[in-house]
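As they're listed, the protein sequences go chains A and B.
In terms of this note's numbering, the first sequence is residues 3 to 376.
In terms of this note's numbering, the second sequence is residues 3 to 376.
It is worth saying that the hints were derived from the structure and are not from the lab.
Treat the hints with care, since some could be wrong.
Identical copies go unnamed one by one, so any copy, or any two together, can satisfy a pair.
To be verified - Below, a list of computed lysine-lysine pairs in the PhoX-like style, where the Cα atoms sit at most 25 angstroms apart:
| hint | residue 1 | residue 2 |
| --- | --- | --- |
| 1 | K291 | K326 |
| 2 | K225 | K287 |
| 3 | K326 | K84 |
| 4 | K291 | K45 |
| 5 | K176 | K291 |
| 6 | K45 | K326 |
| 7 | K74 | K176 |
| 8 | K77 | K326 |
| 9 | K180 | K326 |
| 10 | K291 | K84 |
| 11 | K179 | K225 |
Every value quoted in this text rests on a predicted model; they were computed, and no experiment measured them.
Number of protein chains: 2
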Amino acid sequence: MSFSFDLLNKCSGTNARRGRIHTGRGEINTPVFMPVGTQGTVKAMTPDMLHQLDVEIILGNTYHLYLRPGHKLVKELGGLHKFIGWDRPLLTDSGGFQVYSLGSLRKISEEGVRFQSHIDGSYHFLSPESSISIQEDLGADIIMCFDECPPYPATYDYVETSLDMTLRWAKRCKSAKKNDGSALFGIIQGGMFEDLRRRSAEETKEIGFDGYALGGLSVGETKPLMYNMVEATVPFMPEDKPRYLMGVGTPEDLVENIARGIDMFDCVMPTRNARNGSLFTSSGKLVIKNSRYERDDLPVDEKCACYTCRNFSRAYLRHLFMAKEILSSTLNTIHNLHYYLNLMREIRSAIEENRFAQYKKEFYALRDAGIEQL
Amino acid sequence: MSFSFDLLNKCSGTNARRGRIHTGRGEINTPVFMPVGTQGTVKAMTPDMLHQLDVEIILGNTYHLYLRPGHKLVKELGGLHKFIGWDRPLLTDSGGFQVYSLGSLRKISEEGVRFQSHIDGSYHFLSPESSISIQEDLGADIIMCFDECPPYPATYDYVETSLDMTLRWAKRCKSAKKNDGSALFGIIQGGMFEDLRRRSAEETKEIGFDGYALGGLSVGETKPLMYNMVEATVPFMPEDKPRYLMGVGTPEDLVENIARGIDMFDCVMPTRNARNGSLFTSSGKLVIKNSRYERDDLPVDEKCACYTCRNFSRAYLRHLFMAKEILSSTLNTIHNLHYYLNLMREIRSAIEENRFAQYKKEFYALRDAGIEQL
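Just chain A, with the same shape it has in the complex:
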């Protein structure tokens, strides 16, 4: 399998690191933000637009693709890359988190999870083995172990029991993997308990994976608690493998967790917020429907070089949003993804030049100074 990770350099002032993942479908420069393509499309984006944004990897959701159009169909049509017209790296999650999110519609046992489809209520069963098999059919470059994501808050006992099962599932996932074409990442759980996080990290590492993810965060806990959990876990994760914080997060979350040694992120926030008219700028969030933008000739962010900011005013974007035009989602998504991708580019440069601690200060200063203006 052609998967490897080079640690290029570390920042002296923080735990931030600059790396590069090599896959058969191209390189991924880390720290990286991965746009989410839930149902086989990053919502409102063509693959061409993603290329123009220099997106190096996108994520697909196994739960959604399993239900519709079905992994067998995707495999028959040449795999997820070919199906969706995306030739760069692709990561699929295991379905574990989505199934956990179904709440009362799912039942967890040692064997796996029985759940009902959110589309038609039909019954399905996902196990470590079937999750890996589905992901291999989809054919992503990076696939994830099937885990249990405990709720928040949860008792120590619940999290410990769950963690032990997730470790047994991790072994089953590793054994189930048949195909050499994809890298398999383990997932560290342990709720909000530092010692359980540490044990999870150590035992997952012992099983041995191509990369390690932190799961079960950004599930309702406070930001400081999330950051503490990352800080408490990273020292027990291998240096020479990518570290992926799943489902995170805001621009601040990215900056904070990169400072704590995380390499990979994914989140629906830039794309979902875009569709809701909430736009990211270096000076904070801009809510485009606000009447103050009705006659505003400025771009969303004067410092931004994206297609949207180069061509359209806040007034036009507000009009498109108010008129419920599809182009509103498209232009807003281009802008928000550009913001996230550009933030990561800036951060990578800052780490390369060993000035990430300074960059982090400026990031907050710029945002705090700007909030009044928007």
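Given chain A, put chain B in place with the hints provided.
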């Protein structure tokens, strides 16, 4: 004003003609199809996509833009071109047809039309003078006279009375025009009565406009009746000015009316059908949600060179449609507009090479042979 029309050549077998409109913002090769950008956007398309499709002119709707975001706002922000990021020619309709479509929400008098907004029920008044003034604020390259579009069916008396008012309105529109930056087109009415169509054409011509449109067609009459009306009217329209058949139509309508001497068309059909999953191909219509396409690896049209057909299968497009993804509208619209634009390109070549009559035969043969396959 920099507006002119060159008649390049005529086809010997039909009344089809190849022409070129020159405007301050570029050339328009005729016969031309103009995509409709109702609310300041061709739905689901970025201006970049329209450029890639070689769109030379788009249409904006005065009624919609007057209500939202408002012509004064658009003017303040530099005009419609700048507002929507479109640097090529732009045509606005007069609002007459839209107001007519409001049915019971509008009341017509000699002075103009009082109507209620479809957005919030507020009362408004449009007259020949205000329509021209609004269109001048929007700043399109081609603007249209404010007319009354009689219903179908309508009595001879109703249509004759309406026609006389439309002629008085046409004079008022011409007098109201203050700005030299745009061309003004007259609109020929006359319902389904050949003699009224003729009189309307002759008297509109007498007033004198930069181009002449046929209004009040494609309002529920049969195809043969529409074609007959065009055929009966064109001989009384000037040779040296563009002829525009408003709101038409299907690919067949384009072929048939080009054969009868029409130069310009607009219709929401390619864009609206795209959003509903109905795709145009050289072999007829393809309804993408049909289960026969579930595992279909072929592009929508193997002969098509559009971005959608070059990159995606029917199976993927069906998946996007079933999953209600925004990308479904985008990719389908790219394909349908490409189909229309390409049809017009082929027709222009055929007229240039004096083989349009033959092209027309092949167009029907190809479609009839293909219908079985889809």
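Run through the hints listed earlier and report the numbers of any the structure violates, in increasing order.
Those not satisfied are hints 5, 9, 11.
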